[in-house]
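Knowing the structure of chain V, use the given hints to seat chain D on it.
2 protein chains.
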Amino acid sequence: MTKWLKKEIDKTKVVISSRIRLARNLIDYPFPNKLKKEQSDEIIKKVQEAILNGNTVLKDEFDFYKMEDLEDIEKQVLVENHLISIDLIKNEKGGALIKKDETISIMINEEDHLRIQALFPGFKLDEAWDLIDKIDDVLEENLNYAFNENIGYLTSCPTNVGTGLRASIMVHLPALAELGYINGVLNAASQIGLAVRGIYGEGTVSHGNIYQISNQLTLGRKEEEIIGNIMGISKQIIEKELSARETLKNQLGLRLEDRFFRSLGILKSARVIDSTEAMNLLSNIKLGIEMGYIDEIATRDIDELMIQIQPAYQLKLYNSKDTLERDINRAKFIREKLNF
Amino acid sequence: MTKWLKKEIDKTKVVISSRIRLARNLIDYPFPNKLKKEQSDEIIKKVQEAILNGNTVLKDEFDFYKMEDLEDIEKQVLVENHLISIDLIKNEKGGALIKKDETISIMINEEDHLRIQALFPGFKLDEAWDLIDKIDDVLEENLNYAFNENIGYLTSCPTNVGTGLRASIMVHLPALAELGYINGVLNAASQIGLAVRGIYGEGTVSHGNIYQISNQLTLGRKEEEIIGNIMGISKQIIEKELSARETLKNQLGLRLEDRFFRSLGILKSARVIDSTEAMNLLSNIKLGIEMGYIDEIATRDIDELMIQIQPAYQLKLYNSKDTLERDINRAKFIREKLNF
Numbered sequence: 130m131t132k133w134l135k136k137e138i139d140k141t142k143v144v145i146s147s148r149i150r151l152a153r154n155l156i157d158y159p160f161p162n163k164l165k166k167e168q169s170d171e172i173i174k175k176v177q178e179a180i181l182n183g184n185t186v187l188k189d190e191f192d193f194y195k196m197e198d199l200e201d202i203e204k205q206v207l208v209e210n211h212l213i214s215i216d217l218i219k220n221e222k223g224g225a226l227i228k229k230d231e232t233i234s235i236m237i238n239e240e241d242h243l244r245i246q247a248l249f250p251g252f253k254l255d256e257a258w259d260l261i262d263k264i265d266d267v268l269e270e271n272l273n274y275a276f277n278e279n280i281g282y283l284t285s286c287p288t289n290v291g292t293g294l295r296a297s298i299m300v301h302l303p304a305l306a307e308l309g310y311i312n313g314v315l316n317a318a319s320q321i322g323l324a325v326r327g328i329y330g331e332g333t334v335s336h337g338n339i340y341q342i343s344n345q346l347t348l349g350r351k352e353e354e355i356i357g358n359i360m361g362i363s364k365q366i367i368e369k370e371l372s373a374r375e376t377l378k379n380q381l382g383l384r385l386e387d388r389f390f391r392s393l394g395i396l397k398s399a400r401v402i403d404s405t406e407a408m409n410l411l412s413n414i415k416l417g418i419e420m421g422y423i424d425e426i427a428t429r430d431i432d433e434l435m436i437q438i439q440p441a442y443q444l445k446l447y448n449s450k451d452t453l454e455r456d457i458n459r460a461k462f463i464r465e466k467l468n469f
Numbered sequence: 130m131t132k133w134l135k136k137e138i139d140k141t142k143v144v145i146s147s148r149i150r151l152a153r154n155l156i157d158y159p160f161p162n163k164l165k166k167e168q169s170d171e172i173i174k175k176v177q178e179a180i181l182n183g184n185t186v187l188k189d190e191f192d193f194y195k196m197e198d199l200e201d202i203e204k205q206v207l208v209e210n211h212l213i214s215i216d217l218i219k220n221e222k223g224g225a226l227i228k229k230d231e232t233i234s235i236m237i238n239e240e241d242h243l244r245i246q247a248l249f250p251g252f253k254l255d256e257a258w259d260l261i262d263k264i265d266d267v268l269e270e271n272l273n274y275a276f277n278e279n280i281g282y283l284t285s286c287p288t289n290v291g292t293g294l295r296a297s298i299m300v301h302l303p304a305l306a307e308l309g310y311i312n313g314v315l316n317a318a319s320q321i322g323l324a325v326r327g328i329y330g331e332g333t334v335s336h337g338n339i340y341q342i343s344n345q346l347t348l349g350r351k352e353e354e355i356i357g358n359i360m361g362i363s364k365q366i367i368e369k370e371l372s373a374r375e376t377l378k379n380q381l382g383l384r385l386e387d388r389f390f391r392s393l394g395i396l397k398s399a400r401v402i403d404s405t406e407a408m409n410l411l412s413n414i415k416l417g418i419e420m421g422y423i424d425e426i427a428t429r430d431i432d433e434l435m436i437q438i439q440p441a442y443q444l445k446l447y448n449s450k451d452t453l454e455r456d457i458n459r460a461k462f463i464r465e466k467l468n469f
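Chains as they are written, first to last, in my numbering: chain V, 130 to 469; chain D, 130 to 469.
Honestly, the hints are just simulated from the structure, not real lab data.
It cannot be assumed that every hint is accurate.
As the list makes no split between identical chains, a pair holds if one copy fits it or if it spans any two.
[To be verified] Lysine-lysine pairs mimicking DSSO-like chemistry, simulated, CA-CA at most 30 angstroms apart:
1. K163 with K228
2. K450 with K378
3. K378 with K228
4. K445 with K204
5. K229 with K369
6. K166 with K204
7. K461 with K397
8. K229 with K166
9. K166 with K228
10. K204 with K165
11. K165 with K364
This one's a predicted model, so the numbers in the text were calculated from it and none came from an experiment.
For reference, chain V alone in the conformation it holds in the complex (with noise of 0.2 angstroms):
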């Protein structure tokens, strides 16, 4: 195998999910929290068409839904793909439009007219980037944004103002955390505008060394330079991770499989355990699996593992407000994902 082939593959072992998204808005109407039911039916409506009944081969691509036609379990299913916001489903007012292979989702009326959102595995910032680039050129031939020449793209929160325009990655980033260099890496992306945040846990501690990339400004930058700096910054933690990982590998030899290996144990075998402990032992399995360690489960059970176990995922599906009894189920739960 090439050394630039190997390397891509290795980056597609740190980052575990690329996501841009667009928000926008129709010149012609109140912002989605103003909107009356006929307006937000017609621009349900127009959108629709624009997509759907446009030249492109887009329309055949793109299935429609209309929240209030909606069964609760089709509008969950959705929610929990993370094709759709939690906000949407409660909206009646709101729809969607999906693309069959997921990749794209377009939100009718949630905080924006048109929420616009590509989520890829792996590090394909610049395959999301071009795939909802394209759709926003479709929808824009057949409706009209709210654009301002001097600022760009109006938007319901001032925070969205300009580009509208929203790119993340989200990086498993276990070795920088483990050998103290994860500030580093939080300074040098901030000093260029991106914001870098540990997805589970509070404050500057991430549990399961999950972190989100993305960019703080919306305004006074073109999307390509806002995407490129996220790649950018984006290379040069995965090289880091990577040869952290290396690191840890010289440094603690078997002592790091031993490690791996343990937590998969603890992990099939547990009866309470709180979501803290769960995601560090889950990140140590991801680590193995991404190092070639362990070969019996996917990283993307993993991953899964990673958003189901979280104390809100677990309220929802056991409905139990006692700390230990939402321990017990977590455990339960993730024995039966892992002893299969």
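Positioned in the frame of chain V, the structure of chain D alone reads:
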């Protein structure tokens, strides 16, 4: 099940094994370290004939071994089954008579001319005494024991003079240890002339919470009194341990079960493990089996593992003097025993 019967079963949970040995010497010979080869052969012959040519049922129940005639591997197997000592196999003057069911072994020309040992699983000190006493009677009818009216049987080492009796039970006391009651038990036992010591580990620390209760004195007491003392204190210790287990169960609830299964999960998965950690995890698993939580393994397998993972045993198996390498081998050994 009636209450007393249930109580009997509970006792077997705490007591791993019961052991009695008698030291005896013949009047017409020097102690073994001063024996000439022809004398040692005479002694072997006399003991052999006393058992095998007698007119009791014993004659069909024993196998005879002469150390100089055995292959190394045969000696090794006898040692590993706790039937003869390492000292005996190094000694070309030695012999052994072993009961076919392996409950009794008679070592000839070890430290004393005769070392008669009974080893039973569980709390069976009285059965062991009945059997060993009967065998001692048969031998005494045929051999001239070195005996002094005032002090009793004479032995090679003065600490065994008198009854020549050492009786012991091996107990597993994890709950007493966890609740901090072990020192009270040690003191109570020592006040009636018994010694309680951790089998593995050093000083008062017992890795794996395995203790041996044995008589310190062999002189000035009748055999039945010694056995009776150990039986009595053991019953008290067993009851205290069982009640401490109930306390732990009430205090910890599912966290106790969690600990049992995590211990099992870790031992099934670890790639590096030292004997201290392994012993403590095995102790947890043993308690988990005895309290009815774990049923995929038998306590006897855990008892066996506790012996096999000791540094000396592992050194013999793998012949590795490097600590890390030994911890790696130990982890592998345990995984192979537990993942069946």
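Hints, verified against the model:
1. K163 with K228: within (28 angstroms within a copy, 94 angstroms between copies)
2. K450 with K378: between (41 angstroms within a copy, 24 angstroms between copies)
3. K378 with K228: So K378 and K228 fail the 30 angstroms test inside a copy (41 angstroms) and across (54 angstroms) alike.
4. K445 with K204: Close inside one copy (14 angstroms), not across copies (64 angstroms); limit 30 angstroms.
5. K229 with K369: Neither: 36 angstroms inside a copy, 67 angstroms across copies.
6. K166 with K204: Answer is within: at 20 angstroms inside a copy they meet the 30 angstroms cutoff, but 92 angstroms across does not.
7. K461 with K397: both (9 angstroms within a copy, 19 angstroms between copies)
8. K229 with K166: Result: close within a single copy only, 28 angstroms intra versus 92 angstroms inter.
9. K166 with K228: This pair counts as within: shortest intra-copy Cα distance 25 angstroms, inter-copy 94 angstroms.
10. K204 with K165: Result: close within a single copy only, 22 angstroms intra versus 94 angstroms inter.
11. K165 with K364: Cα proximity of K165 and K364: none, with 46 angstroms in one copy and 82 angstroms across.
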